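**Q** Protein chains in written order, with our numbering: chain A, 604 to 883; chain B, 354 to 536.
Among the hints, erroneous ones may be present.
Label pairs and their in silico Cβ distance ranges [as the list claims (entries may be wrong)]:
1. A/Ala-764 <-> B/Asp-497: 46 to 56 Å
2. A/Arg-720 <-> B/Gly-447: 49 to 59 Å
3. B/Leu-395 <-> A/Asp-739: 55 to 65 Å
4. A/His-861 <-> B/Lys-398: 52 to 62 Å
5. B/Glu-394 <-> A/Glu-829: 29 to 39 Å
6. A/Leu-735 <-> B/Glu-394: 46 to 56 Å
7. A/Val-730 <-> B/Asp-386: 14 to 24 Å
8. A/Cys-860 <-> B/Asp-363: 27 to 37 Å
9. B/Ile-492 <-> A/Cys-860: 26 to 36 Å
Partial list, computed: chain A residues near chain B (C-beta under 7 Å) [claimed, not checked]:
10. Pro-667
11. Gly-689
12. Leu-692
13. Lys-721
14. Gly-751
15. Gln-780
16. Pro-783
17. Ile-839
18. Ala-842
19. Gly-846
20. Thr-847
Here are some, though not all, of the chain B residues that point toward chain A, as calculated from beta-carbon distances under 10 Å [as the list claims (entries may be wrong)]:
21. Arg-370
22. Gly-372
23. Val-375
24. Leu-376
25. Glu-397
26. Pro-416
27. Pro-420
28. Pro-430
29. Arg-435
30. Pro-438
31. Leu-482
32. Glu-501
33. His-520
34. Leu-534
Just so you know, these hints were derived from the structure itself, not from any lab. Here the structure is a predicted model, which is why all the values come from computation and not from measurement. All C-beta atoms in this analysis are idealised placements derived from N, C-alpha and C, irrespective of residue type, glycine included.
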Amino acid sequence: MREVSVERITEAVRRLSVEANTRLGDDVVAAFERFREGEQSPTGRDVLAQLLENARIARDEGLPLCQDTGFAVVFVDLGQDVHLVGGDLYEAVNEGVRQGYREGYLRKSIVADPLRRKNTGDNTPAVVHVRLVPGDRVRITFAPKGGGSENMSGIAMLKPADGVEGVKRFVIDRVRQAGPNPCPPTIVGVGIGGTFEIAALLAKRALLRPVGDRNPDPFYGDLEEELLAEVNRLGIGPAGLGGTTTSLDVHIEVHPCHIASLPVAVNIQCHSARHKEVEL
Amino acid sequence: MIRLTPPLSDADVERLRAGDQVLLSGFVYTARDAAHARLVELIEKGEPLPFDLEGQIIYFVGPTPAPPGRPIGSAGPTTSYRMDPYSPVLVAHGLKGMIGKGKRSDEVKEALRRHKAVYFGAVGGAAALISKRILSAEIVAYEDLGPEAIRRLEVKDFPVVVVNDAHGGDLYEEGRKRYALEG
């Protein structure tokens with residue numbers, strides 16, 4: 604049994620919250636460049652150039668990429684041979700968020716209650732997803748999630764008879780209805796199968812995969828390519844001002860399913876597709 | 354490129370058309386969800402507002418805190434449809450412009466036509482870049498709302514595009530139709 608102090612988790616979350624919010628991943632930057640070349644709309648190309656410039660300024664000057672520095676969503680893959688010592692894991696994560704959002708001059712966007720809506724002032728609590736995995740390591744992925752794109756997400760409990768065509772229709776409709784709202788070009792996370800809540804979590808995990816990576820199952824990899832081509836025919840374009848780059852990628856994650864069910868969830872990620880991870 | 358400085362007149366608004374690129378200089382006010390709810394509540398009660406709306410522009414933004422040595426943190430537009438329930442009331446009380454991102458309701462578009470006002474789009478997420486066009490920021494009301502407080506921003510050459518004009522034009526609709534492919 605390997606011991607890991609929760610203080611190390613606090614420190615990692617503190618650092619990741621600042622890094623994730625100020626440094627866009629190389630995969631997203633490369634996608635901006637790749638799509639800019641093929642973008643048919645001059646305005647669309649100009650918007651993509653502005654997003655590249657924004658990412659450069661954020662990195663060089665340590666400024667947040669977006670003013671919405673998000674809900675702190677933290678994925679913890681906890682090795683089953685790890686013994687966490689020195690305190691409560693969830694409190695350790697929240698303390699890291701508290702420190703990171705204060706020291707990084709990041710926006711505090713969380714209200715303590717959904718209807719009474721008083722800001723907690725420190726961007727806590729985080730949303731923490733813990734998964735027990737083999738081994739003696741702790742992998743922490745920090746993925747700040749903005750409200751504007753999250754609000755354009757959706758879930759449908761389809762009938763098994765709806766099949767792949769039903770899934771395609773739902774995904775494309777979600778992107779069409781979202782239109783300019785979620786800051787296109789977006790990344791579309793799709794979760795298919797499992798139960799109501801598993802589908803949503805799959806869709807969120809799908810956003811963690813690098814832009815350009817395909818699902819290793821060719822059936823789903825091909826479906827990702829097909830959906831990406833379809834959503835980019837909608838005409839929404841960068842910033843919604845018209846164009847051929849509505850999404851940078853579509854990622855699908857799947858899970859076994861009940862004979863009566865076909866849940867499908869779409870989690871839309873804006874172009875500020877931020878996530879950073881560390882292994883302790 | 355059109356240059357404008359608020360307060361805007363009816364004539365300023367009437368010459369704007371969807372798709373026009375505009376550089377704003379001077380002062381604009383920030384407000385988002387919670388601040389809008391308070392402004393409309395004051396109007397409904399017949400009480401005075403914390404600033405005079407006449408001819409002004411509201412930027413839908415909740416900036417990040419200003420790091421040392423900067424007037425403001427990152428400051429890109431937030432999604433506008435959440436302000437749709439409030440905007441027609443503010444437009445009827447003199448507001449001439451709004452800056453945000455994303456679609457507006459039919460009620461808002463109708464209010465823009467009836468009261469001669471305009472909805473501008475800024476590039477969502479380009480918040481570090483946009484912050485370079487903001488020279489100063491001062492809180493004028495609702496400090497308790499934190500990022501949602503109303504601020505007065507001094508901007509210089511702040512780039513926006515006309516999305517919904519006072520004549521029914523809608524850049525999102527026109528842009529989408531132009532690039533949509535059959536299939």
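**Q** Could you run down the list of hints and mark each one as holding or not?
**A** Outcome of the hint check:
no.: 1; hint: A/Ala-764 <-> B/Asp-497: 46 to 56 Å; in the structure: 53 Å, holds
no.: 2; hint: A/Arg-720 <-> B/Gly-447: 49 to 59 Å; in the structure: 28 Å, violated
no.: 3; hint: B/Leu-395 <-> A/Asp-739: 55 to 65 Å; in the structure: 59 Å, holds
no.: 4; hint: A/His-861 <-> B/Lys-398: 52 to 62 Å; in the structure: 53 Å, holds
no.: 5; hint: B/Glu-394 <-> A/Glu-829: 29 to 39 Å; in the structure: 49 Å, violated
no.: 6; hint: A/Leu-735 <-> B/Glu-394: 46 to 56 Å; in the structure: 49 Å, holds
no.: 7; hint: A/Val-730 <-> B/Asp-386: 14 to 24 Å; in the structure: 21 Å, holds
no.: 8; hint: A/Cys-860 <-> B/Asp-363: 27 to 37 Å; in the structure: 59 Å, violated
no.: 9; hint: B/Ile-492 <-> A/Cys-860: 26 to 36 Å; in the structure: 52 Å, violated
no.: 10; hint: Pro-667; in the structure: 4 Å, holds
no.: 11; hint: Gly-689; in the structure: 30 Å, violated
no.: 12; hint: Leu-692; in the structure: 28 Å, violated
no.: 13; hint: Lys-721; in the structure: 9 Å, violated
no.: 14; hint: Gly-751; in the structure: 4 Å, holds
no.: 15; hint: Gln-780; in the structure: 10 Å, violated
no.: 16; hint: Pro-783; in the structure: 5 Å, holds
no.: 17; hint: Ile-839; in the structure: 6 Å, holds
no.: 18; hint: Ala-842; in the structure: 5 Å, holds
no.: 19; hint: Gly-846; in the structure: 5 Å, holds
no.: 20; hint: Thr-847; in the structure: 6 Å, holds
no.: 21; hint: Arg-370; in the structure: 15 Å, violated
no.: 22; hint: Gly-372; in the structure: 9 Å, holds
no.: 23; hint: Val-375; in the structure: 14 Å, violated
no.: 24; hint: Leu-376; in the structure: 15 Å, violated
no.: 25; hint: Glu-397; in the structure: 19 Å, violated
no.: 26; hint: Pro-416; in the structure: 5 Å, holds
no.: 27; hint: Pro-420; in the structure: 5 Å, holds
no.: 28; hint: Pro-430; in the structure: 9 Å, holds
no.: 29; hint: Arg-435; in the structure: 8 Å, holds
no.: 30; hint: Pro-438; in the structure: 15 Å, violated
no.: 31; hint: Leu-482; in the structure: 4 Å, holds
no.: 32; hint: Glu-501; in the structure: 8 Å, holds
no.: 33; hint: His-520; in the structure: 19 Å, violated
no.: 34; hint: Leu-534; in the structure: 4 Å, holds
In terms of the numbered hints stated before, the structure departs from hints 2, 5, 8, 9, 11, 12, 13, 15, 21, 23, 24, 25, 30, 33, listed from lowest to highest.
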